[in-house]
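S.K.: Going down the list, the protein sequences come from chains F and D. Residues in the first sequence are numbered from 1 upward in steps of one, following our numbering. Residues in the second sequence are numbered from 1 upward in steps of one, following our numbering.
Calculated directly from the structure, the hints in this document are not laboratory data. Please note that the accuracy of each hint is not assured.
Unchecked claim - Computed list of lysine to aspartate or glutamate pairs in DMTMM-like fashion (alpha-carbon distance at most 25 Å, straight line):
#1 D:K300 with F:D16
#2 D:K300 with F:D14
#3 D:K246 with D:E229
#4 D:K300 with F:E13
#5 D:K336 with F:E46
As the list claims (entries may be wrong) - Residues from chain D shown here face chain F by an in silico Cβ test under 8 Å; the list is partial:
#6 A318
#7 L320
#8 P321
#9 V322
#10 W323
#11 S325
#12 L327
#13 Q329
#14 T330
#15 D333
Just so it is clear, CB atoms sit at the ideal spot from N, CA and C, and this is done for glycine as well.
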Amino acid sequence: MFEGLVAILGHYEDLDVLGVASSAADAKEKAKVLAPDVLLMDMRLENADGPDTCAQVLAEAPATAVLFLSADDGAASMDRALKAGAAGFLSTAVPTHELVATIHRLAGHQVKASS
Amino acid sequence: MIGDQHFWYGLDRRAPVWLKLIVPVIAVTVLGTALFGYLLVDFMRSNAESTSAADAASTARAAATFDKAAISSSQLNAQLSDLVADEPSTVSVWIVDLSSAGAPIVASSMPTGSPVRVLSPSDISALQSGASIGRTQSLAGVPVQVTANPIAGNDHAVVVVMSLQGESSAVYQTLLWIGAAGLAVCILEVALLLAIMEIGVFRRVRRMHGAVNSFGTSERRRPLREGAEPLGRDILFNLAREIEQKLSELQERERAGQVVAELGMHTLDGVDSSDLTAHALQLLRDAASLERSMLIDKEKGGALLSVRGGKPEQVEEADLPVWLSALSQTAADTGKPVLAGRLGRDPLYWDGLSEPRAIAAAFVPMPGKTGATGVMVGLAQHGGEVSGSTISLMEGIATALSQSLERQAAIEARKESEEKSKALATVSHEMRNPLNAMLGFNDLLLSGAAGQLNDKQRQYLKHVDDASRHLLDLVNDYLDLARVSAGSLPMDIEAIQVAPEVKSVVELLQPTADARKVVLRAEVAPGTFAHADRLRLRQVLINLVVEGIRSTPPRGHVRVQVAGGSNGVRLSVIDTGSGIPSDRQHLVFSEFAELRPGEPGDGTGLGLALSKKFVEAMGGFIRFTSSEGSGTIFDVWLPGENSPHADGVEAPAEQPLFRS
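I would like the entire structure built from these sequences, with the hints used as guidance.
M.R.: See below:
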């Protein structure tokens, strides 16, 4: 799904997709090097857990806001993500404009949670 | 032989399956019962015979112990009667005198009745020689066992007659029982066989028959239960499964065919393209029993949704849920269908207020000339899956819809272009007279007929003259184009010498080339003839050379080459200019095409379009090759003086292979 997501976010001129990470280690490395304003993360990553990776990423790049975007949008998941230091949580069921608006808001580091 | 085959074939066709199954069952049961009965009766009979023989022998031995000399004949008779009374199956016991002729009876258990003779003369002589006799025979219709033993030095013999009546009735009864049991077994077997067959075979076959029969009729087909299950070991089960799957496939194809046909009809009816899309979505939703279907337009960035039981609604792409947008984008980018098996969220609730439901969705790209133009999305009903056949159906509809839309766009564009051409042709025609009047009066003013002009006035009038001439060129070109397109432009085709025409055109355009510092040259072999209209050929050459000069920067070259023989002539106009960008090359011969965006066009915009039409009207054709930055070559082929295609020139009846 993320290839499509990257393409969609690429259509917005005020958003730049700096990179795509394919593993937890890659995410940490890229977050450190690219220092993005916002980092989108799923609850389940390939061979890794989203919230754990989120905590690791924040240790490397504390200025980055981690926004969870997941179909796994139960209250427990949301709790875990926010406890791991996530700046926001969005369900994949939200409209694209809401995702884009949230990314913009998070560039100013406001907490936003929505299902 | 053939007749026999027909007979068996006919029997095979006429006899129902159940009959074919029960006939061998009944036959085997009857045969088995008969064989069993025969063996049992045989055994019983031999058993009875040996028993009665033993009985008779013991009776005879008992009778032999009586001393006929010691006791009176009446006492002997009484003793024999007692023996008979002890043994219920014994009919009678006699003692015969073998020494007298005819072996008279000397004592008998039944002295009152006359005993029936059972001994033949050969029996008597056998007894006399000391042999015993034991046999069964019929006596007054009753089966009896006759036993005779010689006694007292073979002078006398004891004859015992025992009835076998009781034994034979027991055998008869046993036979009855065996028959009844056989019949019962037979009925039970047939009933069991038919029951098993009915449940396991006949019912299934009837269902398959019904399913196949109802296919293609308006009757709604009930799916076979086996269709959804994995393969088994019963070939009938597997056959039913195959039939079910093939029928559903066929049904999907039929549906797709119907949908495609319906879309085609709508296209022919000239239905508006958004109505056509809405219709395709409704057809898809109904045909595949989807919760909803939608088309995400990748070119306009919106989506058309079709909801069950409602009119399609229009939604901005940004309002679609993220998962749906992302997956449809993936389908569009890869050009392949994407299946989200219950990973998605029901977009019915994308306002985020209600609890989203998991839903299965399929994304099928709409094929276009340069990648996907959109993505068709099918959302399954809650809890349902999107099957492979639904994806095939979606692909069929997507292809048909995009083709229909393309065709419709082409039809609309052509109609629009035709209307525009017609209107423009009318306007152009109406403009010619006023333009000529303007040019005429302008000439009069310039010639000083209306009084002397100062330099400024003369310069301004010259501008008016230039502009009016350009406009007149445009009007003339356009009218030519309209007439040559309609086939109403007269062509005066004759064999003309190409070289003088080329030279004259090059001389005519030399000042233009010089003004732009472009080197213009002609390389023409004298004596080359072409079948063409002189005026139109000149027009084509002028258009191509002007186009070459226009696209060539200062110090560049434009060359006109002519080559050919008696069958055809090739005129090439070669420039070292900027070339035509590859994404514009398909527009080269279009009217008013902007071939080099950003560069000012100072021609009529009709030159190349008109040239192509003229060349084709003269029986030739025109091609070009161009590479951006290094120049363009226009090649014009025209029929030569001997060309069989040349108008008005008859080809020789016989062409010699070699010329001397």
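S.K.: Take the hints in turn and mark each one as holding or not.
M.R.: Tested hints:
no.	hint	in the structure
1	D:K300 with F:D16	22 Å, holds
2	D:K300 with F:D14	20 Å, holds
3	D:K246 with D:E229	14 Å, holds
4	D:K300 with F:E13	17 Å, holds
5	D:K336 with F:E46	23 Å, holds
6	A318	4 Å, holds
7	L320	6 Å, holds
8	P321	5 Å, holds
9	V322	5 Å, holds
10	W323	4 Å, holds
11	S325	5 Å, holds
12	L327	6 Å, holds
13	Q329	3 Å, holds
14	T330	4 Å, holds
15	D333	6 Å, holds
Of the numbered hints given earlier, the model fails none.
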